[in-house]
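Chemist: Chains as they are written, first to last, in our numbering: chain A, 157 to 267; chain B, 157 to 267.
Mixed in with the good hints, there may be bad ones.
Since the list gives no way to pick out one identical chain from another, each pair is judged satisfied if it fits inside one copy or across any two copies.
Here are the simulated DSBU-like cross-link-like pairs (lysine-lysine), alpha carbons at most 30 Å apart as the crow flies [said to hold, decoys possible]:
1) 231 to 263
2) 234 to 263
3) 238 to 263
It is worth saying that the hints were derived from the structure and are not from the lab. These numbers were taken from a predicted model, which means no experiment stands behind them.
There are 2 protein chains.
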Amino acid sequence: MGADGDLYESLRLELRRGSLTLGVLARLREERYGYTLRQALAADGLEMEESTLYPLLRRLETQGLLVSEWREEEKRRKRFYKLSADGEAMLLRLLDEWRRISRSLEKIIED
Amino acid sequence: MGADGDLYESLRLELRRGSLTLGVLARLREERYGYTLRQALAADGLEMEESTLYPLLRRLETQGLLVSEWREEEKRRKRFYKLSADGEAMLLRLLDEWRRISRSLEKIIED
DNA sequence: CTACATACTGTGTGTCACACACTGTATGGC
DNA sequence: GCCATACAGTGTGTGACACACAGTATGTAG
């Protein structure tokens, strides 16, 4: 694929960046642990590496948007994440902004 | 507004990042210079600082997606930018990806 | 003829997030 | 005992955006 493909890849990543956070927040309205969260997002078409997801989860928790808890399930310790109250409010604001951007881009594209 | 507002701002910026590039490329299917490009994007709802736009334009030109040319118009030297052939191809690919992400997010949101 | 607005194009630096490569533990099947 | 896979991370590099700043040219108010 070469240089052109690389350029596309980097622009594509750039385009996806913010959407990952939004997808994670939205999917964590239901409690989930990392592994199944990643699978759920992949099923929706938002694939990401574990090494992208876990730092993101920790960051969001540090920022107070998520709460997490270690629990034992099926003989394994798993860390369950869920949206906090602040997280819900933030999700709503970000969804608004997402829709605004979406509309702007649609307008530009159609011209 | 304080810390919460700052957090929202940074997430919002993150969300907008890739879209700026896409908007610029799409708007440059017609030749424009920096100042009017910025105004056109602002009218569409995609506002950005000059100090964001100009580095972006240079980057895109370095990557071969834009071509630019200095011309005199109304007694001022202006730098006109336009999408290159490579840029058009890239724009199409990125629009595809944008639509894919958009669909993924819609799916997640609706659940 | 000076002062200021505004059209117009840039540069330098800091911050922050993602991807990539890597590490590590536990369980179950063979 | 061995390997796949479920599961959770860490460390580092790269690169983009925002912010603050710099600079030129033109028109216009006083």
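Chemist: Taking the hints in turn, state whether each one holds.
Modeler: Hints, verified against the model:
Neither within a single protomer nor between protomers do residue 231 and residue 263 lie at most 30 Å apart by alpha-carbon distance, with minima of 52 Å and 33 Å respectively. For the homomeric pair residue 234 and residue 263, the shortest alpha-carbon distance between copies (26 Å) is at most 30 Å, but the shortest distance inside one copy (44 Å) is not. Proximity of residue 238 to residue 263 under the C-alpha cut-off of 30 Å is restricted to the inter-copy arrangement: shortest distance 19 Å between copies versus 35 Å within a copy.
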